[in-house]
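Those protein sequence lines, which keep their order, are chains A and B. Sequential numbering from 1 applies to the first sequence in our numbering. Sequential numbering from 1001 applies to the second sequence in our numbering.
For the record, the hints were derived by calculation from the structure and aren't laboratory data. Any given hint might turn out to be false.
[To be verified] In silico DMTMM-like links for lysine to aspartate or glutamate, alpha-carbon gap of 20 Å or less:
id : chain 1 : residue 1 : chain 2 : residue 2
1  : B       : LYS1077   : B       : ASP1424
2  : B       : LYS1099   : A       : GLU78
3  : B       : LYS1003   : A       : ASP97
4  : A       : LYS291    : B       : GLU1054
5  : B       : LYS1003   : A       : GLU309
6  : A       : LYS291    : B       : ASP1048
7  : B       : LYS1006   : A       : ASP97
8  : A       : LYS291    : B       : ASP1424
9  : B       : LYS1003   : A       : ASP100
10 : A       : LYS412    : B       : ASP1048
11 : B       : LYS1003   : A       : GLU78
12 : A       : LYS156    : A       : GLU212
[Stated by the list, open to error] So the derived label-pair ranges between C-beta atoms look like this:
id : chain 1 : residue 1 : chain 2 : residue 2 : range
13 : B       : GLY1008   : A       : PRO321    : 42 to 52 Å
14 : B       : GLU1063   : A       : GLY410    : 21 to 31 Å
15 : A       : VAL413    : B       : ARG1147   : 49 to 59 Å
16 : A       : ILE274    : B       : LYS1077   : 30 to 40 Å
17 : B       : ASP1020   : A       : GLU371    : 20 to 30 Å
18 : B       : PRO1145   : A       : ILE274    : 40 to 50 Å
[Claimed, not checked] Quick look at which bits of chain B chain A covers, simulated, 3 or more residues with Cβ under 8 Å:
id : stretch
19 : 1001-1009
20 : 1046-1054
21 : 1065-1071
22 : 1079-1088
23 : 1166-1179
24 : 1277-1291
No residue lacks a Cβ here, since even glycine has one placed at the ideal position from N, Cα and C.
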Amino acid sequence: MGYYIGIDVGGTHTDGVAVDVSTGRVAAKVKVETSLDLYACSMAALEGILDKIPTDEVKRVLFSTTLVTNAVATGTLEPPGLILMAGPGMNPSFLTDTPDCHLISGAMDHRGREIVPVDKGEISRIVDNFLLKGIAVVAVAGKFSGRNPSHELAVKEIAGDRFDYLSLSHNLSGALNFPRRAITAYLSAALWRRHSNFISAITRAVRGHGVEAPLYLLQADGGAALAESLENGAETALSGPAASIMGADAMRSFEGELLTLDIGGTTTDIAMLINGVPLLEQQGATISGYKTQIRSLYNRSIPVGGDSEVSVNAGELSVGPKRRGKAAALGGPAPTPTDALIILGRYDKGDVNLSREAFEPISRELSLTIEEVSERVLLKLAEAIAREADNFVNEVNSRPVYTIRELLHGHKVAPTHALLVGGPARLFVPYVEEALGIPVEVPRHSDVANAIGAAVSRVSLEVNATADTSKGDLSIPEAGVYRKVKSSYSMGNLQKETLKELETLARAHGVTMKGYQPEVVESESFNIIEGYARTGSFHRIRAQVRPSILCKIKESG
Amino acid sequence: MMKFPKAGVKTGVVFFPAFDWAISANHPEREERLLYTRDQIFEEGLFDVEGITEYPPSLATVEDVERVHLCLPSPEKVVTSSHYISAGGAIAVGEAVMKGEVERGFALVRPPGHHATRVVRGLRGFCVINIEAVMLEHLRKQYGPLRVAIIDTDCHHGDGTQEVYWNDPNTLFISLHQDGRTLYPGTGFPSEFGGPGGYGATLNIPMPPGTGDKGYLYVIDNFVLPVLEDFKPDLIINSAGQDNHFSDPLTNMSLTAKGYAELTRRLSPHLAVLEGGYSVQSALPYVNTGILLALAGLDTSNVIEPLYSPEVSVQSKKTDEFLKELCDMMLYRYESRKNLFEESFGDKEYHETTKNLFHDEAGISEHQREKTRICRDCPGVTLLATSAPGYSEDYLITLPLGGCPKCREVAEEAFQKASTDEFDTILFQDRPNDVTLKKGGPKPTQTRSRWL
Chain A
1 MGYYIGIDVG GTHTDGVAVD VSTGRVAAKV KVETSLDLYA CSMAALEGIL
51 DKIPTDEVKR VLFSTTLVTN AVATGTLEPP GLILMAGPGM NPSFLTDTPD
101 CHLISGAMDH RGREIVPVDK GEISRIVDNF LLKGIAVVAV AGKFSGRNPS
151 HELAVKEIAG DRFDYLSLSH NLSGALNFPR RAITAYLSAA LWRRHSNFIS
201 AITRAVRGHG VEAPLYLLQA DGGAALAESL ENGAETALSG PAASIMGADA
251 MRSFEGELLT LDIGGTTTDI AMLINGVPLL EQQGATISGY KTQIRSLYNR
301 SIPVGGDSEV SVNAGELSVG PKRRGKAAAL GGPAPTPTDA LIILGRYDKG
351 DVNLSREAFE PISRELSLTI EEVSERVLLK LAEAIAREAD NFVNEVNSRP
401 VYTIRELLHG HKVAPTHALL VGGPARLFVP YVEEALGIPV EVPRHSDVAN
451 AIGAAVSRVS LEVNATADTS KGDLSIPEAG VYRKVKSSYS MGNLQKETLK
501 ELETLARAHG VTMKGYQPEV VESESFNIIE GYARTGSFHR IRAQVRPSIL
551 CKIKESG
Chain B
1001 MMKFPKAGVK TGVVFFPAFD WAISANHPER EERLLYTRDQ IFEEGLFDVE
1051 GITEYPPSLA TVEDVERVHL CLPSPEKVVT SSHYISAGGA IAVGEAVMKG
1101 EVERGFALVR PPGHHATRVV RGLRGFCVIN IEAVMLEHLR KQYGPLRVAI
1151 IDTDCHHGDG TQEVYWNDPN TLFISLHQDG RTLYPGTGFP SEFGGPGGYG
1201 ATLNIPMPPG TGDKGYLYVI DNFVLPVLED FKPDLIINSA GQDNHFSDPL
1251 TNMSLTAKGY AELTRRLSPH LAVLEGGYSV QSALPYVNTG ILLALAGLDT
1301 SNVIEPLYSP EVSVQSKKTD EFLKELCDMM LYRYESRKNL FEESFGDKEY
1351 HETTKNLFHD EAGISEHQRE KTRICRDCPG VTLLATSAPG YSEDYLITLP
1401 LGGCPKCREV AEEAFQKAST DEFDTILFQD RPNDVTLKKG GPKPTQTRSR
1451 WL
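Make the full structure from the sequences, and use the hints.
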């Protein structure tokens, strides 16, 4: 029947798997060390997989990599021109500290009514100035542009096709939060060239190997996106944790609340599946300090992992936050939790004498045997994970709600099981189980959980629709829908139209209609009363195709 | 690098718009009152500002409510979930401030509470329970004696809060409002100056219709701040009604969003609690943004409502002069409060009053007879008999915090003597022991709190 290929570029290893579509079995897996050239190692992993399966049976290839968004952390962004229409409110100066930012006239209110018109002459002068300076990518964001995009569209009309890329914020998200939307537009413009070059390169390479199947990228919410239609490269941030949770979902069917822990070399990621659905951030991903509006799974990362440096500070044993290299047993410079496992005979790897040597000074300083120190190190690691898991659950449970119904009857999460994935995950189980106090499982193939998640992740989408029948306006920014509606337009009409637009969008994004499950996640309806009379209704819907998987992974095989 | 600003002052916010609650369909206190405010503060990204923390509301308890109120016929019958959440929202920010997690708090909650008096028989001026008082007494129970100033800047006189703290020397209540001769509830005159235990700790500034930014800031600078300087409160609470805005449909004042922000900055309250404000589209989104930014110590110069023009806030010369005279007179009265006390109460043992109260939306008229012991050792015990023809006759005994042995004796004896033949419900608020004792009243139906 064919294969789904998933390639995940992790910090230490790049993994690839091929999942057999008809059986749900992992037909091939490879692991290569991640080098500085992320493109080269993803290709190496792909080639490793293609060696093991017939290329003409590949149904799709998905890459999970932060190759593009790493540019945010390293500061190698292409400087975009930025045009903002902030209107009244918070002082927008915090958004204007980039070199080519212009705050221009033009303001909308909360219902998308124009307060101040744009000045076309001003826009023309700025556009000309950008071109003169050689600026090739531009981002435009206005407060409440999702309610009325006409000011952003005015900039587009004046700019024409004179820039390589023009990012209009209302196309990126229909949710409220102007600064995040502006930041997201800025990043999408700043990453555009790198992102489109990357897509061209992988497309060429994959086609070069004779694979004609569609190409996907993994997004921060765990959903897949068709590479050719994903414009915003920033959406590929946090793909590691996203791949990991989708892998957990694929390998374990669980009704209820499942904590997922991905213990890596440097960090441990904590996330949650509720009835197989990943829990998402309310606002959006934070990418190297930039608060964006990119849909992202709810993930907390702590700097504790198998290769964390173990040290003693003021008589206290500490694990992390630094990773100085591999485990001492493998020639690394410092003792690590992995060495502790080796010393205790739980893990057969490298040279145990090197591990003991590395722990020797700590053992002397604390007047404990090397074995005792090793036990304590593993307990410390597990306790740090459990503490963060507590914070994670508390944070989820203190999320604000805005109706009496939700406050009184809202559900409080309380995960009953944990799933551990990551390299040597299995070896940490007894310690983590003890610290968490709930059963901890390790699925088969946990060593390539991320690549599995990448292989089977489905396309996800979100749309935000607002109808203001008093003004007679309907907007669904993500679908590019802005039209007039009659005063009788009801919540039912909005729901029908939103789901129809979502489906159109889904088809354009390569969603397979088999198993297509759109859902309304939020809806609200209010009367609009002006003076003392009802003049219309305000209906709002958030609908999504949630992140989910194409198939489950079979335990055996 | 496009980083959200950092608040100069750490500020906690409970935002609870109660999107599923209204008094009635077209009532000003209806579902979407804070909808446009939600849209504005979310679109501003205010909760992403470093140092502004959103807290979930907690739920006030029946105990919290009965520390302040006698609810008739019972808390279960008149207090709904929305009120427990709204008061709980105020409690949550209050606790965050008391614990030192934040320096200031803003309870952006509804329904409001400042027209709710001690005896609750139903809705009064859109209010059922007094959310500031329920919060404050909860904090006093939790954190011990507190000297507190409540500055009520709602356009309507805060008659409920005034009544609750009428006899409390440790709670300074100052209300700035539109003159009661021109607006509901028709009270709040300079002569209302406190009961014998709290004489001079109730101060009213009735302002002429049309008062603008200049007038409000004048009263803050020339009356409120000097009194606060003298009173030295541990905690300043602002009952932050937003109906002084020039676009408010129910009132006649001329304050702007920027005026609100400046007022908040000068007052620097530890806690702001939303009260009224019914210009839900043209004022509230901007006023709330301004208040929150001002509390957090951030720039408010860009908070300009679309309807703003310099003329909207211009007040007459007559108003300037009136407010100057009023502030001078009230400051003089405040400074002379000890002499005035002797003139008013002298050597009497009890101060007795009667009054009629109308619970407007509940449509219940009530007659109250009240007796307060004039005590040199404590604020004095209060005995309140209330009758609402056709409803019930009830009795409230309040022994205040710090109540002396003699007043305790009076209170206990009164509770013992009070008979359920005479009264339907008898409630004894023993504040020093933080218990309420009850006789009579309807039998509780199943559990006391149906939401638990």
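Against the structure, the hints come out as follows:
Of the supplied pair hints, the one linking LYS1077/B and ASP1424/B holds, its CA atoms being roughly 15 Å apart against a limit of 20 Å. Our distance criterion of 20 Å between C-alpha atoms is broken by LYS1099/B and GLU78/A, whose separation comes to about 46 Å. For a cut-off of 20 Å, the pair hint linking LYS1003/B to ASP97/A stands: about 9 Å separates their Cα positions. This hinted pair checks out: LYS291/A and GLU1054/B have alpha carbons roughly 17 Å apart, not beyond 20 Å.
Proximity of LYS1003/B to GLU309/A is assessed by CA-CA distance (about 32 Å); at most 20 Å being required, the pair is judged violated. A distance of roughly 8 Å separates the Cα atoms of LYS291/A and ASP1048/B; the hinted pair therefore holds under the 20 Å criterion. Restraint check for LYS1006/B and ASP97/A: the C-alpha separation of about 15 Å stays at or below 20 Å, so the hint holds. Only pairs whose Cα atoms come within 20 Å are accepted, and LYS291/A paired with ASP1424/B is rejected, the gap being roughly 59 Å.
Of the pairs offered as hints, the one joining LYS1003/B and ASP100/A holds, with about 16 Å between alpha carbons and a cut-off of 20 Å not exceeded. Restraint check for LYS412/A and ASP1048/B: the C-alpha separation of about 24 Å exceeds 20 Å, so the hint is violated. Proximity of LYS1003/B to GLU78/A is assessed by CA-CA distance (about 18 Å); at most 20 Å being required, the pair is judged to hold. Distance restraint check for LYS156/A and GLU212/A: the Cα-Cα separation of roughly 35 Å exceeds the 20 Å cut-off, and the hinted pair is therefore not satisfied.
Take GLY1008/B and PRO321/A: their Cβ atoms lie about 30 Å apart, and the range 42 to 52 Å is violated. The given range of 21 to 31 Å is respected by GLU1063/B and GLY410/A, whose C-beta atoms sit roughly 24 Å from each other. Checked against the hint of 49 to 59 Å, the C-beta distance between VAL413/A and ARG1147/B comes to roughly 42 Å, which is inconsistent with it. A hinted range of 30 to 40 Å for the beta carbons of ILE274/A and LYS1077/B is consistent with their spacing of about 38 Å.
In this structure the hint that ASP1020/B and GLU371/A lie 20 to 30 Å apart at CB is violated, the actual value being about 60 Å. About 46 Å separates the C-beta atoms of PRO1145/B and ILE274/A, a value consistent with the hinted range of 40 to 50 Å. Against chain A, the stretch 1001-1009 of chain B contributes 5 residues with a C-beta closer than 8 Å to a partner C-beta. That satisfies the three-residue criterion, and the hint holds. Counting residues of the stretch 1046-1054 of chain B whose beta-carbon sits less than 8 Å from any beta-carbon of chain A gives 4, enough to reach three: the coverage restraint holds.
Coverage of the stretch 1065-1071 of chain B by chain A is violated. Counting CB-CB distances below 8 Å, 0 residues qualify, and the rule asks for three or more. Coverage of a stretch by a chain is defined here by at least three residues with a beta carbon nearer than 8 Å to that chain's beta carbons; for the stretch 1079-1088 of chain B and chain A the count is 3, and the condition holds. Coverage of the stretch 1166-1179 of chain B by chain A is violated in this model, with 0 residues showing a Cβ closer than 8 Å to a Cβ of that chain against a need of three. A stretch counts as covered by a chain when three or more of its residues have a beta carbon under 8 Å from one of that chain; for the stretch 1277-1291 of chain B and chain A the count is 4, and the coverage holds.
Violated hints, listed in ascending order, are 2, 5, 8, 10, 12, 13, 15, 17, 21, 23; each of the other numbered hints is respected by the structure.
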